[in-house]
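Peer 1: One letter stands for each residue in the lines below.
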Amino acid sequence: MKRISIDPITRLEGHGKIEIFLDDQGNVANAYFQVPELRGFEAFCVGRLAEDMPTITNRICGVCPEAHHLASVKALDALFGLTPPPAARKLRELLYMAFYVTDHTTHFYALGGPDFIIGPDAPPAERNILGVIRKVGLDTGKQVIACRARNHEVIKKLGGRGIHPAAGLPGGWSKPLTEEIRREIEQTARENIDFALFSLKVFDEIVRKNPIYLELITSDLYLHRTYSMGTVDPDNRVNFYDGMIRVVDPEGGEFVKYAPEAYHEHIAERVEPWTYLKFPYLKKIGWQGLTDGAESGLYVASPLSRLNVADAMATPRAQEHYEEMYDVLGSGLTTKGRRKPIHHRMATHWARLIELLYAAEHMLELAIDPEITSPNVRVTSTGVKNREGIGSVEAPRGTLTHHYTTDERGVLTKVNMIVGTTNNYGPIAMSVKRAAEQLIKGGQIIEEGMLNRIEMAFRLYDPCLSCATHSLPGEMALQVVIRDSGGEIIRTVTRGGS
Amino acid sequence: MKPKFAMYWASGCGGCEISLLEIHDQILRFAEVFEIVFCPCLVDGKKEDLAKLGDGAIDLTFFNGAIRNQEDEDMARLLRTKSRILVAYGSCAMEGCVPGLSNLSTAADHFEAVYLKNHTTVNPEAVIPGSRSEVAEGILSLPVFAASVRSLDQVVAVDYLVPGCPPEGVQVEKVIETFVGGSPLPPSGSLLGAGERALCEECPRVRNVRRPTRFYRAHQQIPEEGVCLLEQGFICLGPATRSGCGARCPRNNMVCIGCYGPPPGVDDQGAQMIAALGSMLDPGKDCDGEVERTQRLDELFSGIVDPAGTFYTFSLAKSMLGGKVGR
Numbered sequence: 001m002k003r004i005s006i007d008p009i010t011r012l013e014g015h016g017k018i019e020i021f022l023d024d025q026g027n028v029a030n031a032y033f034q035v036p037e038l039r040g041f042e043a044f045c046v047g048r049l050a051e052d053m054p055t056i057t058n059r060i061c062g063v064c065p066e067a068h069h070l071a072s073v074k075a076l077d078a079l080f081g082l083t084p085p086p087a088a089r090k091l092r093e094l095l096y097m098a099f100y101v102t103d104h105t106t107h108f109y110a111l112g113g114p115d116f117i118i119g120p121d122a123p124p125a126e127r128n129i130l131g132v133i134r135k136v137g138l139d140t141g142k143q144v145i146a147c148r149a150r151n152h153e154v155i156k157k158l159g160g161r162g163i164h165p166a167a168g169l170p171g172g173w174s175k176p177l178t179e180e181i182r183r184e185i186e187q188t189a190r191e192n193i194d195f196a197l198f199s200l201k202v203f204d205e206i207v208r209k210n211p212i213y214l215e216l217i218t219s220d221l222y223l224h225r226t227y228s229m230g231t232v233d234p235d236n237r238v239n240f241y242d243g244m245i246r247v248v249d250p251e252g253g254e255f256v257k258y259a260p261e262a263y264h265e266h267i268a269e270r271v272e273p274w275t276y277l278k279f280p281y282l283k284k285i286g287w288q289g290l291t292d293g294a295e296s297g298l299y300v301a302s303p304l305s306r307l308n309v310a311d312a313m314a315t316p317r318a319q320e321h322y323e324e325m326y327d328v329l330g331s332g333l334t335t336k337g338r339r340k341p342i343h344h345r346m347a348t349h350w351a352r353l354i355e356l357l358y359a360a361e362h363m364l365e366l367a368i369d370p371e372i373t374s375p376n377v378r379v380t381s382t383g384v385k386n387r388e389g390i391g392s393v394e395a396p397r398g399t400l401t402h403h404y405t406t407d408e409r410g411v412l413t414k415v416n417m418i419v420g421t422t423n424n425y426g427p428i429a430m431s432v433k434r435a436a437e438q439l440i441k442g443g444q445i446i447e448e449g450m451l452n453r454i455e456m457a458f459r460l461y462d463p464c465l466s467c468a469t470h471s472l473p474g475e476m477a478l479q480v481v482i483r484d485s486g487g488e489i490i491r492t493v494t495r496g497g498s
Numbered sequence: 499m500k501p502k503f504a505m506y507w508a509s510g511c512g513g514c515e516i517s518l519l520e521i522h523d524q525i526l527r528f529a530e531v532f533e534i535v536f537c538p539c540l541v542d543g544k545k546e547d548l549a550k551l552g553d554g555a556i557d558l559t560f561f562n563g564a565i566r567n568q569e570d571e572d573m574a575r576l577l578r579t580k581s582r583i584l585v586a587y588g589s590c591a592m593e594g595c596v597p598g599l600s601n602l603s604t605a606a607d608h609f610e611a612v613y614l615k616n617h618t619t620v621n622p623e624a625v626i627p628g629s630r631s632e633v634a635e636g637i638l639s640l641p642v643f644a645a646s647v648r649s650l651d652q653v654v655a656v657d658y659l660v661p662g663c664p665p666e667g668v669q670v671e672k673v674i675e676t677f678v679g680g681s682p683l684p685p686s687g688s689l690l691g692a693g694e695r696a697l698c699e700e701c702p703r704v705r706n707v708r709r710p711t712r713f714y715r716a717h718q719q720i721p722e723e724g725v726c727l728l729e730q731g732f733i734c735l736g737p738a739t740r741s742g743c744g745a746r747c748p749r750n751n752m753v754c755i756g757c758y759g760p761p762p763g764v765d766d767q768g769a770q771m772i773a774a775l776g777s778m779l780d781p782g783k784d785c786d787g788e789v790e791r792t793q794r795l796d797e798l799f800s801g802i803v804d805p806a807g808t809f810y811t812f813s814l815a816k817s818m819l820g821g822k823v824g825r
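Respectively, the protein sequence lines represent chains G and F.
Numbered according to our numbering, the first sequence spans residues 1 to 498.
Numbered according to our numbering, the second sequence spans residues 499 to 825.
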């Protein structure tokens, strides 16, 4: 049996590895996406003080510490039985919207966007952020950098630090917002809205008006009919900070809607001996292996899945673009009148820009809320009220859940976390296999094209293995080693990174 | 010919890479001076390519992340051999950081917590991922999970250390300046990008106002503005932490948790913190005899529930304590 190892060598070095086995006809027999690292926060957080978790769990991921900080602090609210004052909740959300703007911007322009803006078959040397800037103009490049910088400044001012915030406490936030800084943030939010609208225009002009890219979006190469997951508000609109978890089936019907506290009744995780990362699946459907369809418990938690489970966006301009996306890529309504989900995974990039606009609009709503500068940002407690606390937010890469159990002193006795990217482990593995199957046939291997298209299969999920293991998401160089059944290397194909 | 630069991450969170983005255009100057030969987060490169280089062929290597598994260790050894100057960049590489808290439990504890006794794991056959596993089509391998987390200098010799979780932007600029500024390099073994005092010296909060009579945990009390957090009874690691970050957390009404490691001249951060507490607390002065003194001390210390986790959040792997006794 022939064997192909894809060793992602930049950005996922040692932390993500693909092994493809070919059968006697030279077709793909199986593909394994291995995650070769474990850090074990669930183990070493036992014995720690519950209230230290927002700063400890920041260190799960330097790319999205804000998501861990907030999921953690919400678990603590539950544990200590505290309801944060309205201003504290709004400050948490405000920081989170600024974070979403930087994170989604980075993905679109620097990581995922190059495939569209430059083109999937352009030379790799061009397919990077510098190539994007050449194509869309230097001014745009400067705008991208300025967007990151101004929102980073907001995060620093609200969270106390630029990376790994230090402000979340059970029952609130460490510091109120001054009127002076509020005004700065309001200005930033307005600029963010303009920037998000501009980004959607870039997408419209460069991607949607190009039939080649549109075909790529709607190609079967990246089609998977799985369940979708996301958080919704009481009106079933997308919410990043709080709400109910809604799961819809591949046809668009609501499968279940549950409070995040009940997550363990709905999600189970599978252990495979060949990878350190577990595979989450819908408990009531069960584990059927790495397959899609309504019979398989695999689900996706991503910008696209969040839009798939929602009935609407919570802000007006995002709503317009949301409707437009479903008009173009959707397939009508279910018998109950819901929009049917979009299963073309490449649409995740479009969904991400709609979320960028929502984050910017909601950031402005929060920034002009008179209550946001209230000095009342904390309530205290003598100790834990409950022995168990569960907190959940929508991380950019999927639903993030922290679950803490403590003794009567508030010392952790058990910790469980299901992080954004981990939700998507099964679907990512499946997408990689699908891409390999279609690109390797009868022993014929499309060289450069295969490498980039396999890479695109998981780049669209913006996998942040920092969370799942650790690593930066993004463009990577790949090497495919083809071995014969004796393990002898018969061919090597390499493709450089950005 | 430009000097050659490499950067590698082992077991970390990615925050160290992000910290390098915070220095904006200065990174371009760095890129002008150095030729980047190996840097998984920026450019193409492969372990085999690295192995082909001559010994000492790389002039400068930044290594971040701790040594968690066999692969981390192999890369540390390889990069040491290939690098003239090896820098432990950030808290993980310097002293193990938060993942170093791992050393309070065994490898078996880790597998049990993640794969066996877990709220969502369904694992009736008690499968534990292993270094070698047989699948229908062949054999798959994974790096071996080590018994403990080690800092870089516990595995190979290190020339410079950069503290911080992650290093603050203003300090990263100084580190870069050290290598591109043209001045003679500091003596081997120096810390770069850090202050030379204890964190308290750059904290704006007023000290010597009061002595703590009890300790508070973060959820119990809202701190008074402008007054030393430690003196208010919050366990702030300022006296046991190196300056350099600008006291960001105390300025934000949060205690220092020690991410810049011990101050100059101190090897063990936790021991230093205990000494600092010892000098602050004085239950004896107006105590009525030994019984009351003991009682007061007991009360005081009952407020410190997880001394290993609190005093060694970042430095456990490198500390005298090291980890769980008897491991």
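Bear in mind the hints are in silico, worked out from the structure with no lab data behind them.
Any given hint could be a false lead.
[Stated by the list, open to error] The following residues of chain F were derived to be distant from chain G, with all beta-carbon distances above 10 Å:
1) R695
2) T792
3) Q793
[Said to hold, decoys possible] Pairwise CB distance ranges (calculated):
4) M499(F) with E153(G): 53 to 63 Å
5) T382(G) with R705(F): 26 to 36 Å
6) E323(G) with S631(F): 41 to 51 Å
7) E323(G) with I637(F): 43 to 53 Å
8) R705(F) with S374(G): 49 to 59 Å
9) G687(F) with L223(G): 35 to 45 Å
10) E323(G) with K500(F): 45 to 55 Å
[Said to hold, decoys possible] If you only want the chain G side, here are some residues facing chain F, beta carbon under 7 Å, derived:
11) P36
12) R48
13) I163
14) E179
15) I181
16) Y258
17) E261
18) A262
19) I267
20) I285
21) L329
22) G332
23) K336
By construction, the Cβ of each residue, glycine as well, lies at the ideal position given by its N, Cα and C atoms.
Peer 1: Which of the listed hints are not met by the structure?
Peer 2: As far as the earlier hints go, 4, 8, 9, 14, 15, 16, 17, 18, 20, 21, 22 and 23 are violated by this structure, in ascending order.
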